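S.K.: Below are the chains, spelled out letter by letter.
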Amino acid sequence: MTLPSLPRTATAGMLWVVVSMATGCGPTAGGTVTPGTRTLETREGADPLGTQEGDSVPELEKRLERLSGEQAARMNDAMTDTQACHDLCSLSASICEVEVKLCDIADRHPQEGSYQELCREAQQECREAQTSCEECVGEHTGNSSIEPPVTEPTEPGETTPAPGS
Amino acid sequence: MSTMTMPFGRIKVAMVAAVVGLSGLAGCDESSKEPGLEPGVATQEVAVAEARTAEPDARLQTHEIVASTPTTAGLAYIQAVAAAHREADAQQGDTRMATLQRGLDLAVPSGLPEAEILRLELASRIASEWIDRGDADKARTLLVPMLDPARSVPLDRSSAEALVLLGDAATRTGDDALAAGTYARSIRMMSILRQEIER
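From first to last, the protein sequence lines are chains A and B. Counting in our numbering, the first sequence runs from 1 upward without gaps. Counting in our numbering, the second sequence runs from 1001 upward without gaps.
Keep in mind that the hints were calculated from the coordinates and are not lab data. All values reported here derive from a predicted model rather than from experimental measurement. Just to be clear, a hint being listed does not mean it is correct.
[What the hints assert, rightly or not] Which bits of chain B does chain A cover? Going by a derived footprint, with three or more residues having C-beta under 8 Å, they are:
1. 1055-1065
2. 1088-1095
3. 1159-1167
4. 1171-1182
[As the list claims (entries may be wrong)] Here are some, though not all, of the chain A residues that point toward chain B, as calculated from beta-carbon distances under 7 Å:
5. V57
6. L60
7. S114
8. A122
[Unchecked claim] With the Cβ distance kept under 10 Å, some of the chain B side facing chain A (calculated, not the full set):
9. L1193
10. R1194
11. Q1195
12. I1197
13. E1198
All residues carry an ideal CB built from backbone N, CA and C; glycine is no exception.
Turn these sequences into a full structure, and let the hints guide you.
M.R.: And the structure:
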């Protein structure tokens, strides 16, 4: 005997009824539930968290659409964070490169306070920018596309050749 | 946001130049003229030496560029600048410089604040070419008026890049005061941009 071809959801529904009857579970015990949409219950054998969403095609389509939207939003957030980290680290690298150039000039004017002050300020900015970059990368560990800059701030009085010179 | 540093260096240079200039006039007397010294040379040397010992001017005033509603003229300007960049990408040497310069010379339509950034980008590209060719003086001449410490510059990475280029040009022309002040301004600009990202 050949069973008539049924839609997958219809087959699943029939199986569901059979299993429910066999196990004595009520209709609310199964199905897919969405976490976070039901209050937490701690008693043994509590229902799964969330609300019953059903397994019919329209319901599944609706759920797929919602989950796809959520995934896109999360991907967007992650990409925004990654871009922010990239920008921070890029700025950090640039700040520290210019700091080296500035302090190189200041080294030629050891007796002039204004040059030394600008150099110190630049070193401080470089350190802060590097910390900012490293913290951002630390928060997104595992993202290999972001790397902190390698430029190190110079010590006062130390002469460092400008990058590219 | 802005950091004020009195531009004593420049005033001092101007005063010295004036004094030396007057001395030069006095030196027009044939009897006081040193043999082998061309008129004006001493003045230039003293002015350059003074500039090298001037105080760096690290004042930074910034303003944010708020995106405008594009008008037909504004859109045409943006497209023309983009075309100039595209053409320049495919060119080399003087032809490339001429194309970039044409882009910079385009009349800016009113109500397009973004044009300030576009012009800085074009100027930076031209300045970079000049520096690469060993003609840092021209780069400096181009950038100095656009990045004068007395005027506000757009809070944008393009300004920071232009400032770094001006610093590079000043370094190559031996003007340590301009280089140090300009590098310091670029670092401050980038720090502000960094803090904006962190918010």
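S.K.: Quick check: which numbered hints come out false for this structure?
M.R.: Violated: hints 2, 5, 6.
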